[in-house]
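J.: Modelling step: build the complete structure from the supplied sequences, incorporating the hints.
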Amino acid sequence: MQRYSGFGLVKHALSHHENWERQWRNPTPKKQYDVIIVGGGGHGLATAYYLAKEFGVKNVAVIEKGWLGGGNTARNTTIVRSNYLWDESAVLYEHAMKLWEGLSQDLNYNVMFSQRGVLNLGHTLQDMRDIQRRVNANRLNGIDGEVLDAKGVQALVPIMDCSKNARYPVMGASWQPRAGVARHDAVAWGYARGADAHGVDILQQTEVTGFKIRDGQIYGVHTNRGDIEAKTVGCVAAGNSSVLAKMGGFNLPLESHPLQALVSEPIKPILDTVVMSNQVHGYISQSDKGDLVIGAGIDGYNGYGQRGSYPTVEHTLQAIVEMFPIFSRVRMNRQWGGIVDTCPDACPIISKTPVKGLYFNCGWGTGGFKATPGSGHVFAASLAKGEMHPIAEPFSMFRFHSGALIDEHGAAGVAH
Amino acid sequence: MFYIYCPYCGEHREEEEFHPKGQAHIERPKEPEACSDEEWGNYLFFRDNPRGVHHEMWVHAVGCRKFFNMTRHTVSYEILETYKMGEQPSITADSQAKPREAAAVSQQEGVRA
Chain A
1 MQRYSGFGLV KHALSHHENW ERQWRNPTPK KQYDVIIVGG GGHGLATAYY
51 LAKEFGVKNV AVIEKGWLGG GNTARNTTIV RSNYLWDESA VLYEHAMKLW
101 EGLSQDLNYN VMFSQRGVLN LGHTLQDMRD IQRRVNANRL NGIDGEVLDA
151 KGVQALVPIM DCSKNARYPV MGASWQPRAG VARHDAVAWG YARGADAHGV
201 DILQQTEVTG FKIRDGQIYG VHTNRGDIEA KTVGCVAAGN SSVLAKMGGF
251 NLPLESHPLQ ALVSEPIKPI LDTVVMSNQV HGYISQSDKG DLVIGAGIDG
301 YNGYGQRGSY PTVEHTLQAI VEMFPIFSRV RMNRQWGGIV DTCPDACPII
351 SKTPVKGLYF NCGWGTGGFK ATPGSGHVFA ASLAKGEMHP IAEPFSMFRF
401 HSGALIDEHG AAGVAH
Chain B
1 MFYIYCPYCG EHREEEEFHP KGQAHIERPK EPEACSDEEW GNYLFFRDNP
51 RGVHHEMWVH AVGCRKFFNM TRHTVSYEIL ETYKMGEQPS ITADSQAKPR
101 EAAAVSQQEG VRA
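Protein chains in written order, with the UniProt record's numbering: chain A, 1 to 416; chain B, 1 to 113.
Any given hint could be a false lead.
Partial pick of chain A residues on the chain B-facing surface, computed with a CB cut under 8 Å [claimed, not checked]: (1) Ser242; (2) Glu255; (3) Tyr301; (4) Asn302; (5) Phe400; (6) Ser402; (7) Ile406.
These are computed hints drawn from the structure, not numbers from a lab. From the three backbone atoms N, C-alpha and C, an ideal C-beta is built for every residue, glycine too.
T.: In structure tokens, the structure reads:
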């Protein structure tokens, strides 16, 4: 792998940047691998990277039906935080946060991780009580967090309407300074390049059409480019997880919904942090390019069409203008939808399945991007050892039979 | 934006008058106490979530406030029919011939069937 550096940039400038090595190969599928990852998004590529780098499993294929990071990795609002309420999820997201902090160095790829802080606003007394409870829980778990009052919020974000005249006045917020944003595409590309350098075969435009299962044990997959064998298969297919599960002969407790987001025309730097509000229901940050990145809730109906309805867009922008009247005349540039796999308790599924050797990492719903490194790391550990990593253990799909749910609707259900 | 025919009002109305309420035709177990953990968990949490023809409940929230059923394609989002509670769908994934599905997909922007 050609390492990136300032010196390299200068050297390649001399040849007009025409001789950069390709970031990953485009190999022909082998007949057999030790592990197959289905889904070449952030989570899948991270899984492959850690499998090869940390757990010594180098004979790995990532199978992607489209192009790398073309699903939700390319469609989210890039927010990274770890201030979840319950111990199980707090540990998982904080594991990811610690990996985020060294990710650019680890991958030798600038993922533009910017710890600009995230505000979760409170607009009612109950909001403030929940925020206090969550921040206290975070601190007990070693996660940074502060409770701010309206004055504190106004000091951080002078352009926000924190006055008493607002329809839902801001009463305060939780503030996680270590949270922030990252460049979503770079995360997928960085992991792909790293995985490829460790020998992982990344097979794009290869669609899994079925599983090869004998006596309840998986031994390969059918694809549009022929059969590929492996005794361990990990599915990381987000919105399409239910479709894959059906091929394996079982159901998942998931529903796929469109989640829309939009960006404005680029404007000068005006917002240097991330603002989220569950109550008026919207979230916003400003990218390095200058456009405002805006999102809110899912469209309520099931859908796989990677687009949603306009009423949802309208509600989102109402919330943003309610919080930031100054943005009322900013024009929106692009709008899109991703398909998120929502779970009844707003927590992911990282789990074994009724089929031996077949594992699923799904159900991240509206907030999977922030967990990319942690999710990949614990899933890789589980695939390598055949036993679930202790952090992944509580996220078994069988918790919906045992009743041991992890109810994160407060910290996760609405805003991400 | 959906334009939905409410089978009770007998009129087409805009999507904003309605709320989707999840998979239709789920029957509550007759004797919940007799259910195993698995059966009860399946009833509460596990859903069909098909990529294709789907039967779901909607409520005409700011209209007649009645629940009704809808058959809809989850990729093209085409509404195939709406029908009253207690009735059975006339269109199902099996009854849907392949050509129709292909046609629905090809209508999407940027997709060639």
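J.: A separate judgement is required for each hint: does it hold in the structure or not?
T.: Verification of the hints:
The interface hint given for A/Ser242 is met, as the beta carbon of that residue sits about 4 Å from the closest beta carbon of chain B, less than 8 Å. Among the interface hints, the one on A/Glu255 holds; its C-beta lies about 5 Å from the nearest C-beta in chain B, closer than the 8 Å criterion. With a cut of 8 Å, the hint placing A/Tyr301 at the interface with chain B holds, because the nearest CB-to-CB distance is about 4 Å. The beta carbon of A/Asn302 is positioned within 8 Å of a beta carbon in chain B (closest approach about 5 Å), and the interface hint is therefore held.
Given hint, A/Phe400 at the interface with chain B, holds; its Cβ is 4 Å from that chain's nearest Cβ, closer than 8 Å. The beta carbon of A/Ser402 is positioned within 8 Å of a beta carbon in chain B (closest approach about 7 Å), and the interface hint is therefore held. This hint is violated: A/Ile406 has a C-beta 13 Å from the nearest C-beta of chain B, more than the 8 Å allowed.
Checked against the numbered hints listed earlier, the structure breaks hint 7 alone; every other hint is satisfied.
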